[in-house]
Amino acid sequence: AQSVTQLDSQVPVFEEAPVELRCNYSSSVSVYLFWYVQYPNQGLQLLLKYLSGSTLVESINGFEAEFNKSQTSFHLRKPSVHISDTAEYFCAVRDFGNEKLTFGTGTRLTIIP
Amino acid sequence: NAGVTQTPKFQVLKTGQSMTLQCAQDMNHNSMYWYRQDPGMGLRLIYYSASEGTTDKGEVPNGYNVSRLNKREFSLRLESAAPSQTSVYFCASRIGTEQETQYFGPGTRLLVL
Chain G
1 AQSVTQLDSQ VPVFEEAPVE LRCNYSSSVS VYLFWYVQYP NQGLQLLLKY LSGSTLVESI
61 NGFEAEFNKS QTSFHLRKPS VHISDTAEYF CAVRDFGNEK LTFGTGTRLT IIP
Chain U
1001 NAGVTQTPKF QVLKTGQSMT LQCAQDMNHN SMYWYRQDPG MGLRLIYYSA SEGTTDKGEV
1061 PNGYNVSRLN KREFSLRLES AAPSQTSVYF CASRIGTEQE TQYFGPGTRL LVL
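Top line first, the protein sequences correspond to chains G and U.
Numbering of the first sequence is given in my numbering, commencing with residue 1 and proceeding in unit increments.
Numbering of the second sequence is given in my numbering, commencing with residue 1001 and proceeding in unit increments.
Quick caveat, the hints were computed from the structure, so don't treat them as lab data.
Here the structure is a predicted model, which means the values were calculated and not measured.
Mixed in with the good hints there might be a few duds.
[Said to hold, decoys possible] From the derived model, a few chain U residues whose C-beta atoms are all more than 10 Å from chain G:
1) Gln1011
2) Ser1031
3) Met1041
4) Arg1044
5) Glu1052
6) Ser1075
7) Gln1099
8) Gly1107
[As the list claims (entries may be wrong)] With a straight-line Cα cutoff of 25 Å, these simulated DSS-like cross-link-like pairs (lysine-lysine) come out:
9) G/Lys69 - G/Lys100
10) G/Lys69 - G/Lys49
11) G/Lys100 - G/Lys49
12) U/Lys1071 - U/Lys1057
13) G/Lys100 - U/Lys1071
14) G/Lys100 - U/Lys1057
[As the list claims (entries may be wrong)] Reference excerpt, derived from the structure (chain U facing chain G, CB under 8 Å, subset only):
15) Gly1040
16) Tyr1048
17) Tyr1064
18) Ala1082
19) Thr1101
20) Phe1104
21) Val1112
Each residue gets a CB set at the ideal place from its N, CA and C atoms; glycine is no exception.
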């Protein structure tokens, strides 16, 4: 069965500093990988996804994530964070041919002015 | 195009009461899902429907029932609410092709006293 581990439940970062949110997964088959963002009191929005091809994927607001098959990781990075990035970030995995999306427990990113 | 809509936004129930959470999508998606979100636990799948007329259990189905009324609507019913069902409930939908991701509604906040 697939599973997702987000080791950091909370990450405080100073404004304009870089950040990395870690995500590791386990699965016996090939997977699709996703990062979702949840702003306060809102639903989840897709931030970026890895389906195939280039292992580095980017979002429109400066985040990027790299699929590392050997380390079964899909860490999320941003070189310079803004106050508006304050949110909870969820990593998720879906096996090829499977309907089910499995989520990690989330990482709350807090930006310190 | 409203995307995924959920009603109600908030609900308070007493233990033993019943209620139905409504979800509708206007994107002509085939698959629909119900999740619950609890602090520190991420999102957990309750039930899903891969197509109109079919439903399947997810990770935490006990205490819930679902109905895929038509292609647009997927409802979640609590027959006898318990305090352990206090949570935020999210509905999601997906077109159903292999590489497409899920789109989420704004959520329903449920408190069971």
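Which hint numbers does the structure go against, in order from smallest to largest? 2, 3, 4, 7, 8, 17, 18 and 21
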